[in-house]
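> Listed below, chain by chain, are the residues.
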Amino acid sequence: MKSDTMTVRAATFTFLASVFAIGFATLAARLKVEQVDRVAEHRGRLESQSSRIVQTAGLRGRILARDGTVLAGNRRSLVIAIRPESFRTTLKDVPAILEAVARLRPLVGRDPSITERSVERHLKYEIACPMPVWTDLADEELARFEEHYDEYPEFDCVSEAERVYPLGAFAAHLIGRVGREFATAVNGNRTVNYAEKELVGREGLERQYDLYLRGKPGEEHVIVDATGRVKERLDAADGVAAVNGPDLRLTLDVGLQRAAEAALSGWCGAFAAIDPRDGSVRALASAPSYNLNDCVPVLREETYAALTNAPGNPLLFRAVAGQYAPGSTFKPITALAGLGAGWRPDEKYTCEGVYRMGQGFRLRCTSWSHGSIDVVEALKFSCNPFFCNLGMQSGTGAVVRAARAFGLGSRTGIDYPVDAAGIVPDGEWKKRTQGESWYPGNLAQMSVGQGFLLVTPLQMARVAAAIGSGRLAMPRINSGVPPETVALPFPKAHLDLVRKGMEEVVYGSGGTGSRAGTGVAAHVIGKTGTAQVGSRELGNRRLVVWFIAYATPVETSKYREPLALAMTFTHRRTPGGGYETLRGEHDGGGTLVAPLVAEILRKVYGEVPK
Amino acid sequence: MKKFLRRFNWISFLSTVALVVIGALVLASAGDARGSDTVFASLWKKMVATAGLGFVLYFTFAILDYRKVLDYLAYPSYAGAIFFLLLVLAVGSVQFGGRRWLWFFQPSEISKLCVICCLAQLFGPAEERFRGQFGFKGFLAAAAIIAVPSVLILLEPDLGTTLTLVPAVGAMMLVAGVWRKGLVVMLSAGTVVAAAILLAVSIAEDEDANAESREKAMSCVKAILKDHQVKRVKTFVTPGEDELGAGYNLHQAMMTIGSGGVNGRGYMKGEAVRRRLLPPMGVMNDFIFCVWAEEMGYRWSLALLGLFAALCGSVAWTAVVAGDGRGVMMAAGMATLLFAHVFINIGMSLGLVPITGLPLPFLSLGRTFLVTIMCGLGIVQSISIHREEKTE
Chain A
1 MKSDTMTVRA
11 ATFTFLASVF
21 AIGFATLAAR
31 LKVEQVDRVA
41 EHRGRLESQS
51 SRIVQTAGLR
61 GRILARDGTV
71 LAGNRRSLVI
81 AIRPESFRTT
91 LKDVPAILEA
101 VARLRPLVGR
111 DPSITERSVE
121 RHLKYEIACP
131 MPVWTDLADE
141 ELARFEEHYD
151 EYPEFDCVSE
161 AERVYPLGAF
171 AAHLIGRVGR
181 EFATAVNGNR
191 TVNYAEKELV
201 GREGLERQYD
211 LYLRGKPGEE
221 HVIVDATGRV
231 KERLDAADGV
241 AAVNGPDLRL
251 TLDVGLQRAA
261 EAALSGWCGA
271 FAAIDPRDGS
281 VRALASAPSY
291 NLNDCVPVLR
301 EETYAALTNA
311 PGNPLLFRAV
321 AGQYAPGSTF
331 KPITALAGLG
341 AGWRPDEKYT
351 CEGVYRMGQG
361 FRLRCTSWSH
371 GSIDVVEALK
381 FSCNPFFCNL
391 GMQSGTGAVV
401 RAARAFGLGS
411 RTGIDYPVDA
421 AGIVPDGEWK
431 KRTQGESWYP
441 GNLAQMSVGQ
451 GFLLVTPLQM
461 ARVAAAIGSG
471 RLAMPRINSG
481 VPPETVALPF
491 PKAHLDLVRK
501 GMEEVVYGSG
511 GTGSRAGTGV
521 AAHVIGKTGT
531 AQVGSRELGN
541 RRLVVWFIAY
551 ATPVETSKYR
561 EPLALAMTFT
571 HRRTPGGGYE
581 TLRGEHDGGG
591 TLVAPLVAEI
601 LRKVYGEVPK
Chain B
1001 MKKFLRRFNW
1011 ISFLSTVALV
1021 VIGALVLASA
1031 GDARGSDTVF
1041 ASLWKKMVAT
1051 AGLGFVLYFT
1061 FAILDYRKVL
1071 DYLAYPSYAG
1081 AIFFLLLVLA
1091 VGSVQFGGRR
1101 WLWFFQPSEI
1111 SKLCVICCLA
1121 QLFGPAEERF
1131 RGQFGFKGFL
1141 AAAAIIAVPS
1151 VLILLEPDLG
1161 TTLTLVPAVG
1171 AMMLVAGVWR
1181 KGLVVMLSAG
1191 TVVAAAILLA
1201 VSIAEDEDAN
1211 AESREKAMSC
1221 VKAILKDHQV
1231 KRVKTFVTPG
1241 EDELGAGYNL
1251 HQAMMTIGSG
1261 GVNGRGYMKG
1271 EAVRRRLLPP
1281 MGVMNDFIFC
1291 VWAEEMGYRW
1301 SLALLGLFAA
1311 LCGSVAWTAV
1321 VAGDGRGVMM
1331 AAGMATLLFA
1341 HVFINIGMSL
1351 GLVPITGLPL
1361 PFLSLGRTFL
1371 VTIMCGLGIV
1381 QSISIHREEK
1391 TE
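Residue numbers (my numbering), protein chains in the order written: chain A, 1 to 610; chain B, 1001 to 1392.
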């Protein structure tokens, strides 16, 4: 009995013990596989799982004018930032962070620039980076925070670079603006897990040269835990230091730009000036304008809405984006087309004060009658019938070819994000866009710079430059861009004739643009323009007034370089702050624009006694 | 006193002490890894205090004659366990996805010991002479005893507790000679069902199989298991997939264990543990073994397994020397319960067993379970001490 019991018990023990033994042996065997055989694999995966690369931004390069004047620079903004890794409650992070911020708020004394959503977003995408809570600390705010620094271990004071525009509204359109956003990985194919928010060019030169100005991003290597919080920031030696962006040196002349902006105040209009020798942009101004510092550190929705709805559309950069009928400033091109098509330099045409053609096409001249005049006189008086006739004689092809030889109808190639092409219409273009055939009247209109023809002020400055220098230059605003010019396909004799006509415009007795040369210590040739746009039937008939000029320094000139420029107005500011169209009897390029061009040139080249 | 010392199961006691010490150490490290200023960092102190209470109960039960303890307590404690299990379902507090808590303790943990005691009291007295008398009726009685608390525990829901009770009760019934043939049949059937579930899930997960059979397999699985359980089985069948979803914890656990290597990272220096790959309550409960494995390495992990083996073995040995059938059954039940906990918990961390919430005795944070286990071991010690003198 007893022995039987013992046998049963022994069997029980044997059974249990062998089950246990098998179990423990299985565990031990598996443990060996994981801990002995696969150590390297596990450790490798652990490392790759927990190391992260944070991309750091370099300081954005400055934008400098030709003489080194800082147009866009950086300033230090002190920021109280929260370190996400100091919160460990995982699910309750957002409320915990908001609570910590609320605790610090009385000390700082103003509302933080974060919302529940922005915190969530930061934790989701940028948990390895400090999150700015209060930006742009004033000295006393910083002092208050530092005094109690130890009581708020979750917060740090860091400095951020903010964009600043020392000259405010100066060249606002040209410089453009920046935004702060998550940078795209610009360092090739490297996997970057997190990136600091950095300044990114949104418009203008800031956008055009964004990658240049940004420099090379750096890398910081961090070890994170399973929730992505930074556990350890590795030594700088493991990462790559960010390289600051280089400065961008422009060809812009501060004096000229300032004079142009002053002359433009009170108008809707634009001014463009280039160095005719190499296309260097010396001024690009547009009115009305706005203050760049209203757009930093961020362009607020209200600011943007106000600018969008403001009278005169200050956001439009008219110098490169505004497309207008060139009016009589186109006549030098028609002249060259005609001369190329066989019009003799001394050949005369009798102006009777109006140009008639076919059934009812009439185009008035600027005067009762100019009588019998040659091409030089026609330019001097800006005779409409003469150029209508000349255009008709030369044919559409010749006028269009001449216009295109001056770069009209296509982008100028300027290193700038906005570069409107304008329109040089021909039969094919009209068929395609208007669905109508090309009529002789269209050619007559185009010959005097009206009709469908559209140009930008920059294009016209380039036309002036090409007439003066004989070569068409590609405009460039960055002094580092190599100049590019091509010879005009016109004989020198023809160009000289046109230059003579344009000289007469300024200096000849009765020239339409005589006011442009008044008191200017430089030799100026130019052409006025007064384009009639809109139609009387629609009741939107209005004027676009122009002056293009080519100025060369004389002995007494302060400024020693030639300049080609174009200036145009479309609206005049009313005392009420709005803008009215130009439609008056005496409104014209010669009366409105030429005196202001002279004013600008006097500021640049200096004055001579009248 | 001499008798007490001679019959005292020193292996069982010393391995218990060693495991309690290891438990405190490993919890201190796991808590520190969450940050020394967090609530987790001081949890080990509470566990040490609880272990102190556990040792008081251990010696109390060891000194008391287990027969009297069973006579007085077995049935009332079973009834009490059922009462508390009902109460917890009614008013218990929910934590970590289950309604398991009543004030400061988890009735399901205590009920494990109560079921074992109850079965021992029921079948034990008759074991020696009337072996084999418990046929199918005995089986039904045993099945009823385990079924009531099991169903209540499953309702919480707590699959793990039920999983450990089944082998413990099975072993006890085998020892008691309850319907052996039936048990063997059921064991085989259970194995077949488990295998079938695994097969069905692997078919459902097999992308090469045709859609119809996959769907069929999936619907079969869904009929038996809940969604989160299906996920866990899936993770077990195809561990590589879904590393950020259901497989996340397993993947991180194995990486934590594996990166320890032969020598370990050093106490309180576990890289993976300190990077907090596992959620705090996971690493202090179900995956506590990972902390020890990573920080102490392969050799000390084997040592820990050895300690558990020594404890299970010595408790099982008590069944051999026990004075009566109740002692045999108690010891066999406790040994199997311990073994099931250790095997399922560590096997889970190593990807050998589907993931199910289950504490590792002495190491996991869980004061009810610690006290329960120590009471059970105290009773087993009593079996060793109060066994009949063998005739020389």
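Treat the hints with care, since some could be wrong.
As the list claims (entries may be wrong) - Here are some of the chain A residues that sit facing chain B, going by a computed Cβ distance under 8 angstroms:
1. 12
2. 31
3. 32
4. 50
5. 73
6. 76
7. 77
8. 94
9. 343
10. 509
11. 579
12. 582
Just so you know, the hints here were simulated from the structure itself, not pulled from any lab data. Owing to the predicted nature of the structure, the values given are computational and were not obtained by experimental measurement. Heads up, the beta-carbon is just placed ideally off N, CA and C, and yes, glycines get one too.
> Checking hints one by one. Is residue 73/A an interface residue toward chain B, by the C-beta closer than 8 angstroms rule?
Residue 73/A check fails; min Cβ-Cβ to chain B is 42 angstroms, beyond 8 angstroms.
> Please check whether residue 77/A passes as an interface residue: C-beta within 8 angstroms of a C-beta belonging to chain B.
Violated: closest Cβ of chain B sits about 32 angstroms from residue 77/A, beyond 8 angstroms.
> Given residue 582/A was flagged as interface, is its beta-carbon under 8 angstroms from a beta-carbon of chain B?
violated, 67 angstroms
> Measuring from the C-beta of residue 94/A to each C-beta in chain B, is the shortest one below 8 angstroms?
At 18 angstroms from the nearest chain B Cβ, residue 94/A fails the 8 angstroms test, so the hint is violated.
> Does the interface hint hold: is residue 76/A within less than 8 angstroms of chain B, judged Cβ to Cβ?
violated, 34 angstroms
> Would the hint on residue 31/A be counted as holding, given a Cβ-Cβ threshold of 8 angstroms to chain B?
holds, 6 angstroms
> Tell me if the interface restraint on residue 12/A is satisfied: Cβ within less than 8 angstroms of some Cβ in chain B.
Because about 5 angstroms separates residue 12/A from the closest Cβ in chain B, which is inside the 8 angstroms limit, the hint holds.
> Grab the minimum C-beta distance from residue 32/A to chain B and call the hint holds if it beats 8 angstroms, violated otherwise.
holds, 7 angstroms
> Would the stated hint for residue 579/A survive a check requiring a Cβ distance to chain B of less than 8 angstroms?
Check failed: Cβ of residue 579/A comes no nearer than 60 angstroms to chain B, outside 8 angstroms.
> A closest beta-carbon separation below 8 angstroms is what the hint needs, so does residue 509/A meet it against chain B?
violated, 87 angstroms
> Against chain B, run the beta carbon of residue 50/A and see if the smallest gap drops under 8 angstroms.
Constraint on residue 50/A satisfied, holds at 5 angstroms.
> Using the nearest Cβ pair, does residue 343/A come within less than 8 angstroms of chain B?
violated, 80 angstroms
In summary, the numbered hints that this structure violates are 5, 6, 7, 8, 9, 10, 11, 12.
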